[in-house]
Amino acid sequence: MEEAVVMKNVCKDFKVLNRHEGLKGSIKDLFSRDYKTVSAVKDVTMTVNRGEIIGYLGPNGAGKSTTIKIMTGVLEPTSGEILVNGKVPYKNRTENCENIGVVFGQRSQLWWSLPLIESFKLLKDLYMVPEKEYDDMIALYRSLVDIEPILHKPVRQMSLGQRTLSDILAAFLHNPAIVFLDEPTIGLDVSMKSKIRELILGLNKEKNTTVILTTHDMGDVDALCKRIVIIDKGMKIYDNDIDHLKNYFGSYRTLKLKLADDTWEEMLIDEKTTDVMDVIMEKQKEKKIKDVKILEISTEEVIRKIYEGGTK
Amino acid sequence: MNPKRLLALTRAGIMESLYFRLGIFVTLFANLIYLVLVYYLWKAIYASSGTDVVNGMTFTDTMIYLILATAIFNFLEMFVVWDMSRSIQSGKIVLDLLKPMRYRKYTFWSYTGNHVVQFFLTFVPTFIVVMIVTHGAIKFGLNIIWFLVATVFALIINYNIEMLVAPICLFTESTWGINIVKETIVLLLSGATIPLAFFPEKIRMIVQYLPFRAVYDIPLSILLGKSGSDTWDGLLKLFGLQIVWLIVLTVAGNIFWNCAVKKITVNGG
Ligand SMILES: Nc1ncnc2c1ncn2[C@@H]1O[C@H](COP(=O)(O)OP(=O)(O)O)[C@@H](O)[C@H]1O
Ligand SMILES: [Mg+2]
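These protein sequence lines are chains A and B, in that order.
The opening residue of the first sequence carries number 1 in the working numbering; numbering runs sequentially from there.
The opening residue of the second sequence carries number 313 in the working numbering; numbering runs sequentially from there.
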């Protein structure tokens, strides 16, 4: 079985009550049968291969979390087919859970008042991880990150970064085939982000774990993902290697100009249609330019262009 | 059914409860105040009735019953309704549904640790004090074993009552009111606040077959050798009632929960 996840034409609609304003509206809503349908995921078809780290990207409200909930089995798709580890997740939720790990951004699955090590022991028993495998996993964790300072700390006393780190470790503990990370780096500082990236990369390498990652931080994508899938308004709009993405926008350059007042002005230029030198000369007529830099387009900008409807 | 999982959950629950040790002292203190109130209230009731025995119970009988009922209440108390509504509102329910165990089972065993702690830290001390103060008004024999069995049944029945109420918050969003209604009904009809012997005959006839009684009154009656529990026949009847409700409520709770989960998986909660 090469595929970790197979989705075919998956759709998910939510029925939501049309709420009215004000007190009168709230009372009216009590008896209202006035529903509207929100399509969170529309006709998504994709395959995730074993051992892959894929970046699942899209603007807020695009349907990323909904897709992940469908893959984990907490949500039932309205239509379409889905197989995770060869099984239909929502029909075998409990069974599916034994083989996946999940981290939902700012929500922790750890036992709040217990030291981390106790949460680990509990998870070990819940997932029935053999003693030897558990010890090996802890040893692997030790080799990848410095877990000593957090291992005996109650989760409630941890910083956000430490907690996220702990949650990621907890998600990998039973050596699941797939780990879902829904915005794991949200709100973290630069050094914690890089620590977490290294950890995810290391675990993926050692255990060949499939990782499905959603994030708004292109640093995560650059560091971790070879392939990205982008959805917008529930529809898949891009699914390919990240290199391909840059080729797609290969003729784009970021032009940075340092002006007389020492500020940098940035613009994105398509070399196919515009000549970079023309732009510089044009600018020079208006203001004095002290320095010029021409850079390749960054992932950040590529993604922004796609969100803004740059493809097709 | 893997006992290791269940023990691990219980163990974690014990550690979590002990972490909030202050809460235990607060419970004990609140109990004390409550019991002082109860003492004077019933003293007044007995004084105004003009006889020593009301509805077949002496003042001491009533006090023993109510003190122990309070102690049982403390260790059987669960916060399923409260916890579930919070976890649905915050979306944490998703994480609980993603545990490799059935949700109902997982939740039940997440609470057992707290029951164990409460049993040893509130029920046992209260019981010992009552034993000493009343100079052996409570028989100490086989009834203790039967009491423990009845308590386990009561625990499961109570959990299932909670699980029949808690998912309502998926449909109404006003959990607070529902919880209050549930608490009041359970406390009143279970005999935890007023001994069932004091209920009017007709109401008692109905109440004694309801499941609420199986939570507090039956274990307590068995402990105190009341309600015919001192004969095999009577004991069997009490256990029979508990087991019937246990089965009925477990089945009903299961069905209701499956509907509720459908609402979460289909409409996202
Ligand atoms: N339980 C729900 N009920 C109704 N609408 C929902 C529910 N969950 C998500 N949605 C809607 O579905 C869309 C996609 O949401 P989500 O998957 O959370 O987006 P993302 O994770 O990409 O930010 C949004 O418009 C959101 O409002
Ligand atoms: Mg999201």
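It cannot be assumed that every hint is accurate.
[Claimed, not checked] No farther apart than 27 Å at their CA atoms in a straight line, the calculated lysine-lysine pairs in the DSS-like style are these: (1) Lys8(A) to Lys575(B); (2) Lys87(A) to Lys451(B); (3) Lys42(A) to Lys316(B); (4) Lys91(A) to Lys514(B); (5) Lys91(A) to Lys575(B); (6) Lys36(A) to Lys417(B); (7) Lys15(A) to Lys316(B); (8) Lys205(A) to Lys132(A); (9) Lys451(B) to Lys355(B); (10) Lys355(B) to Lys233(A); (11) Lys15(A) to Lys451(B); (12) Lys121(A) to Lys417(B); (13) Lys121(A) to Lys451(B); (14) Lys574(B) to Lys8(A); (15) Lys42(A) to Lys28(A); (16) Lys226(A) to Lys246(A); (17) Lys87(A) to Lys574(B); (18) Lys153(A) to Lys404(B); (19) Lys574(B) to Lys36(A); (20) Lys15(A) to Lys575(B); (21) Lys417(B) to Lys42(A); (22) Lys87(A) to Lys207(A); (23) Lys574(B) to Lys121(A); (24) Lys36(A) to Lys514(B); (25) Lys575(B) to Lys87(A); (26) Lys132(A) to Lys316(B); (27) Lys91(A) to Lys355(B); (28) Lys417(B) to Lys233(A); (29) Lys28(A) to Lys15(A); (30) Lys574(B) to Lys233(A); (31) Lys87(A) to Lys355(B); (32) Lys316(B) to Lys153(A); (33) Lys91(A) to Lys451(B); (34) Lys404(B) to Lys42(A); (35) Lys417(B) to Lys575(B); (36) Lys121(A) to Lys28(A); (37) Lys42(A) to Lys451(B).
To be clear, the hints were calculated from the coordinates, so they are not data collected in a lab.
Hint check:
1. Lys8(A) to Lys575(B): At roughly 24 Å apart (the allowed maximum being 27 Å), lysine 575(B) and lysine 8(A) satisfy the hint.
2. Lys87(A) to Lys451(B): violated (58 Å)
3. Lys42(A) to Lys316(B): With a Cα-Cα distance of about 43 Å, the restraint between lysine 42(A) and lysine 316(B) is violated, given a limit of 27 Å.
4. Lys91(A) to Lys514(B): Measuring from Cα to Cα gives roughly 49 Å; hence the hint is violated.
5. Lys91(A) to Lys575(B): With Cα atoms ~15 Å apart, lysine 91(A) and lysine 575(B) stay inside 27 Å; holds.
6. Lys36(A) to Lys417(B): Status violated; Cα separation ~35 Å.
7. Lys15(A) to Lys316(B): violated (41 Å)
8. Lys205(A) to Lys132(A): Answer holds: lysine 205(A) to lysine 132(A) is near 20 Å, not above 27 Å.
9. Lys451(B) to Lys355(B): holds (24 Å)
10. Lys355(B) to Lys233(A): Status violated; Cα separation ~70 Å.
11. Lys15(A) to Lys451(B): Cα-Cα ~60 Å, so violated.
12. Lys121(A) to Lys417(B): Distance of about 19 Å is within 27 Å: holds.
13. Lys121(A) to Lys451(B): Between lysine 121(A) and lysine 451(B) the Cα gap is close to 42 Å, so the pair fails against 27 Å, i.e. violated.
14. Lys574(B) to Lys8(A): holds (22 Å)
15. Lys42(A) to Lys28(A): Status violated; Cα separation ~31 Å.
16. Lys226(A) to Lys246(A): Roughly 12 Å separates the two Cα atoms, so the pair holds.
17. Lys87(A) to Lys574(B): holds (19 Å)
18. Lys153(A) to Lys404(B): Answer holds: lysine 153(A) to lysine 404(B) is near 22 Å, not above 27 Å.
19. Lys574(B) to Lys36(A): With Cα atoms ~19 Å apart, lysine 574(B) and lysine 36(A) stay inside 27 Å; holds.
20. Lys15(A) to Lys575(B): With a Cα-Cα distance of about 11 Å, the restraint between lysine 15(A) and lysine 575(B) holds, given a limit of 27 Å.
21. Lys417(B) to Lys42(A): violated (35 Å)
22. Lys87(A) to Lys207(A): holds (21 Å)
23. Lys574(B) to Lys121(A): violated (31 Å)
24. Lys36(A) to Lys514(B): violated (51 Å)
25. Lys575(B) to Lys87(A): holds (22 Å)
26. Lys132(A) to Lys316(B): Answer holds: lysine 132(A) to lysine 316(B) is near 16 Å, not above 27 Å.
27. Lys91(A) to Lys355(B): Answer violated: lysine 91(A) to lysine 355(B) is near 59 Å, above 27 Å.
28. Lys417(B) to Lys233(A): Distance of about 38 Å is beyond 27 Å: violated.
29. Lys28(A) to Lys15(A): holds (18 Å)
30. Lys574(B) to Lys233(A): holds (25 Å)
31. Lys87(A) to Lys355(B): violated (66 Å)
32. Lys316(B) to Lys153(A): holds (25 Å)
33. Lys91(A) to Lys451(B): violated (53 Å)
34. Lys404(B) to Lys42(A): Status holds; Cα separation ~25 Å.
35. Lys417(B) to Lys575(B): OK: lysine 417(B) and lysine 575(B) at ~19 Å, within 27 Å.
36. Lys121(A) to Lys28(A): violated (50 Å)
37. Lys42(A) to Lys451(B): Violated. Lysine 42(A) to lysine 451(B) sits at ~69 Å, over the 27 Å cutoff.
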